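Chain by chain, the residues run as shown.
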Amino acid sequence: MTTKLMGQGVQRVEDQRFLRGHGRYVDDVAVDPATLHAAVLRSPHAHARILDVDVDAVLDLEGVHLVWTHEDLAGLSAPMADPLPLLIPHPTLTHGRTQHALAAGEVNYAGEAVAFVVADDRYVAEDALDRIRVTYDVLPPVVGIEAARAADRLVHDDVPGNVAARMVQETGDAPAAIAAAPHRLALDLTVERSASTPLEGRGTVARWDPDVGRLTVWTSTQSSTGVRAAVAVKLGLDLGQVDVITPDVGGGFGVKINHPWPEELLVPLAARALGRTVKFTEDRREHFVSSAHERGQVHHVEVGFDDDGRLLGLDVEFWHDHGAYIPYGLIVPIITSTQLLGPYKPAVYRVAFESLYTNTVMVTPYRGAGRPQGCFVMERTMDAIARYLGKDRAEVRAANFIQPDEFPFDQGLVFQDGRELEYDSGDYPASLEKIKTLIGWDDFPTFRKAMAEQGRRVGIGLACYVEGTGVGPYEGAHVHVETTGKVKVATGLTTQGQGHATVFAQLVADELGVRFEDVEVVTGDTRRMPYAVGTFASRAAVMSGSAIHLAATRTREKVLRIAAEALEADEQDLEIVDGVVSVKGSPGTSLDLGTIAVLSNPLRYAFDEASKAATQFSVGDPGRPPVPEDDEPGLEGRDFYSPERATFASGMHAVIVETDPDAAEVRILKYAVVHDCGRLINPMIVEGQIHGGVAQGVAGALYERMVYDEAGQLQNASFMDFLMPYATEIPDGIDIDHLETPSPLNPLGIKGAGEAGVIPSAAVFAAAIEDAERIPITAMPISPSELFHLRQEHTR
Amino acid sequence: MTEELHDVRLDVNGTAYDVRVPARRLLSDALRHDLGLTGTHVGCEHGVCGSCTVLLDGAPVRACLVLAVSVSGQRVTTVEGLTRPDGSLGPVQQAFAECHGLQCGFCTPGFLTTITAGLRDNPAPTHDEAREMVAGNLCRCTGYQNIVRAVERAAELAATEGRP
Numbered sequence: 029m030t031t032k033l034m035g036q037g038v039q040r041v042e043d044q045r046f047l048r049g050h051g052r053y054v055d056d057v058a059v060d061p062a063t064l065h066a067a068v069l070r071s072p073h074a075h076a077r078i079l080d081v082d083v084d085a086v087l088d089l090e091g092v093h094l095v096w097t098h099e100d101l102a103g104l105s106a107p108m109a110d111p112l113p114l115l116i117p118h119p120t121l122t123h124g125r126t127q128h129a130l131a132a133g134e135v136n137y138a139g140e141a142v143a144f145v146v147a148d149d150r151y152v153a154e155d156a157l158d159r160i161r162v163t164y165d166v167l168p169p170v171v172g173i174e175a176a177r178a179a180d181r182l183v184h185d186d187v188p189g190n191v192a193a194r195m196v197q198e199t200g201d202a203p204a205a206i207a208a209a210p211h212r213l214a215l216d217l218t219v220e221r222s223a224s225t226p227l228e229g230r231g232t233v234a235r236w237d238p239d240v241g242r243l244t245v246w247t248s249t250q251s252s253t254g255v256r257a258a259v260a261v262k263l264g265l266d267l268g269q270v271d272v273i274t275p276d277v278g279g280g281f282g283v284k285i286n287h288p289w290p291e292e293l294l295v296p297l298a299a300r301a302l303g304r305t306v307k308f309t310e311d312r313r314e315h316f317v318s319s320a321h322e323r324g325q326v327h328h329v330e331v332g333f334d335d336d337g338r339l340l341g342l343d344v345e346f347w348h349d350h351g352a353y354i355p356y357g358l359i360v361p362i363i364t365s366t367q368l369l370g371p372y373k374p375a376v377y378r379v380a381f382e383s384l385y386t387n388t389v390m391v392t393p394y395r396g397a398g399r400p401q402g403c404f405v406m407e408r409t410m411d412a413i414a415r416y417l418g419k420d421r422a423e424v425r426a427a428n429f430i431q432p433d434e435f436p437f438d439q440g441l442v443f444q445d446g447r448e449l450e451y452d453s454g455d456y457p458a459s460l461e462k463i464k465t466l467i468g469w470d471d472f473p474t475f476r477k478a479m480a481e482q483g484r485r486v487g488i489g490l491a492c493y494v495e496g497t498g499v500g501p502y503e504g505a506h507v508h509v510e511t512t513g514k515v516k517v518a519t520g521l522t523t524q525g526q527g528h529a530t531v532f533a534q535l536v537a538d539e540l541g542v543r544f545e546d547v548e549v550v551t552g553d554t555r556r557m558p559y560a561v562g563t564f565a566s567r568a569a570v571m572s573g574s575a576i577h578l579a580a581t582r583t584r585e586k587v588l589r590i591a592a593e594a595l596e597a598d599e600q601d602l603e604i605v606d607g608v609v610s611v612k613g614s615p616g617t618s619l620d621l622g623t624i625a626v627l628s629n630p631l632r633y634a635f636d637e638a639s640k641a642a643t644q645f646s647v648g649d650p651g652r653p654p655v656p657e658d659d660e661p662g663l664e665g666r667d668f669y670s671p672e673r674a675t676f677a678s679g680m681h682a683v684i685v686e687t688d689p690d691a692a693e694v695r696i697l698k699y700a701v702v703h704d705c706g707r708l709i710n711p712m713i714v715e716g717q718i719h720g721g722v723a724q725g726v727a728g729a730l731y732e733r734m735v736y737d738e739a740g741q742l743q744n745a746s747f748m749d750f751l752m753p754y755a756t757e758i759p760d761g762i763d764i765d766h767l768e769t770p771s772p773l774n775p776l777g778i779k780g781a782g783e784a785g786v787i788p789s790a791a792v793f794a795a796a797i798e799d800a801e802r803i804p805i806t807a808m809p810i811s812p813s814e815l816f817h818l819r820q821e822h823t824r
Numbered sequence: 004m005t006e007e008l009h010d011v012r013l014d015v016n017g018t019a020y021d022v023r024v025p026a027r028r029l030l031s032d033a034l035r036h037d038l039g040l041t042g043t044h045v046g047c048e049h050g051v052c053g054s055c056t057v058l059l060d061g062a063p064v065r066a067c068l069v070l071a072v073s074v075s076g077q078r079v080t081t082v083e084g085l086t087r088p089d090g091s092l093g094p095v096q097q098a099f100a101e102c103h104g105l106q107c108g109f110c111t112p113g114f115l116t117t118i119t120a121g122l123r124d125n126p127a128p129t130h131d132e133a134r135e136m137v138a139g140n141l142c143r144c145t146g147y148q149n150i151v152r153a154v155e156r157a158a159e160l161a162a163t164e165g166r167p
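Chains as they are written, first to last, in the numbering used here: chain S, 29 to 824; chain L, 4 to 167.
For reference, chain S alone in the conformation it holds in the complex (with noise of 0.2 Å):
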């Protein structure tokens, strides 16, 4: 019998092509003489009017092919004149605005595309894109939370007090049951702005085909079949005339999921008008500041509770910067909201919310959307209420959890994808167990007295979570058995590094019998699977995964169909290994997969020695159509997996810290992961994930920030400035643990692990630092200076 791969560390097979300099990420396609590169003029004002674009400069300008302003597009294809797409629409999103593909008339961040111009190579662009003269009416801008509440000034003018959505959740009386609590607190609350920051930022490449009349587009994406939809609508084809293929992605990490980009629009219309090749790979200021950001949020929390810590109300009030735009609707917010109560169950609980616009780089969700912030808010407050009470931070915690045998537990919200906020499975005490062991919880008072002795300050944090993974609406998988055995699965979401190809081909080996290295696993072409949704919100393994698994399953019934019938056996007594379909018992009886392909497809012609078997003459019943009714030739199995509702993930991270008694520097000494992500496919593919979202984590509790300066300039756009951790900035080991409660939700019984690792940093560095240093931490990222001043604060 074949040895199961799901639940093994199988090694990549992607690398191979990674290893040998052979990845082919967008900007290595059309690496060609013959192709035109694409550059953009970006807004120097965070808000200004236009008042007039002179391009006549550039048009002399040797090896320059196109420039574009608002004022041409129209021309070229109507829709493409109209605001973006706003994709997520949601009924309290009152007063939803995104941006033109080229602005019209207005800017409303540093940053935003003002002209196209298409030349020879990109050097050439640029020194177009220094010719091109625009004349600014300029408007003070709003930058900050605060200045957006305050509304002395409109980012759009008919936005009434910067207030795109307002939008409550409530399952009682939640200020009531707080006033008539035995103990109360107040905290105020802030996280910054920070951003994915993949290390390959944006870009697309388009080629139209006029002989066919078909237009294929290579973009560096999270959701192909997204931008597909969007290409052919704004220019005008219909969508069998696109092609979107995204081949290998430099990481994405949420910041990809937003489409259509202005510029997948005017590589494919300019590709079209020229009728050449077309690129535009992204700088990285450019992705600085035109892509999206995530995270600034700021938040006020009442809270009532008893002797033992339980929350009898929570109500959260907070405020979520969105940027100047919103075209991925309230995605981060909704998920903020929800999130928050990570595995708690307070007994009432009311959060409302205003997303507002800022003259800045939109919101779109980074990695952990929205949760970081909803498990940094909810955590804070336990320690608030431990702190209070002078209790033990994990006893509050322990006392306010959903026990096992509450399962499913419905919070009585609505989650992000419209559906009941329902938990279908975990066991949270088990989680805390683990990790007070993992990092040594109950041993800490004597390590802390052990460095204090030495002048050292340490401190531990613990933060809890829960993840709503594996989001519908659905996705769908094709498995198709070769003649020459080879298996070719596609689903047509994309991949950015997370081992699709890998784990994919697992499970298909596992369902189908085959050997592991005869599976090839394509994803994110639109070619080969038109139908799916994009890879985002730890999906991926729980909607591929699951689709592909069914797949293999029809593919699988249909080989032992025809193996049964060629030979003359029952179904129930066949088996499949390592590619090959016998008797059980009888290891003489048997046939090959690419034999039952050859036998699964009648033929006419005979292409070789194998086919022959296959043509008219050879076999089927002269007294039957050679395809028998409800049967269609090839063996091939798709199929679709869509969930009631999404699965949730849990786990708890927590953190020893030694803080410099001069330097206020933040020092991380032992790091513990306890992860619940159901059943495993590649446990070695899931530490990598917690390995990766961790080091983010750590990046957005004590490094990165978005500095934008009060004119909305974006003061730190790029890799000196922004910073971004190295090896030397992460802790030196992380040690997991693995909890397996499988979700009843799918068939093979996971949970998404993607996003997970980023969830509570914020909140167990906040809580370290606070344990070191006895002084408050309510916003994060901090750095050194900022503790630093803090002590001051505190000593006075």
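Since the hints were made in silico from the structure, they are not lab data. As the structure is a computational prediction, the values presented were derived from the model and not from experiment. Possibly wrong hints are sitting among the right ones.
Claimed, not checked - Computed beta-carbon distance windows for the label pairs:
#: 1; chain 1: S; residue 1: Asp690; chain 2: L; residue 2: Arg123; range: 32 to 42 Å
#: 2; chain 1: S; residue 1: Glu345; chain 2: L; residue 2: His130; range: 44 to 54 Å
#: 3; chain 1: L; residue 1: Arg123; chain 2: S; residue 2: Pro501; range: 44 to 54 Å
Beta carbons: idealized from backbone N, C-alpha and C, even for Gly.
Position chain L relative to chain S; hints supplied.
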């Protein structure tokens, strides 16, 4: 306005290429777009991320901070040059595969070239030296844990073979 072009001979991975480029053309762009060697990646174009690291006469440099016209007569080694002539992986590449030292793979070529040079200088690094060896390159996916393990594993593999 016509830009002056310069004839340059680039010696890359043991092959000589004649290209005609403007003086301002970056080595990273010349490798990628003129020679089609797209393994060298450009992540920031200001020398911080290290994705474009190549070896110039064996020493690691940021190809995005070097002009193509300036490397005439020097030996350039890119990630494509780390694979052995028979197509098998070199020890640093092999170690990355074994240790799951990469996810999206974009920063990987820069790490592979950097570590190749690092292990030539220090074939048996301590754990701290292994961390130090990769501390000038950014990775956004892996959290570096497995990259550091890969440095240590590559040193073991190279020691067995007698070369990095």
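Numbers of the earlier hints that this structure fails to satisfy, in rising order: none
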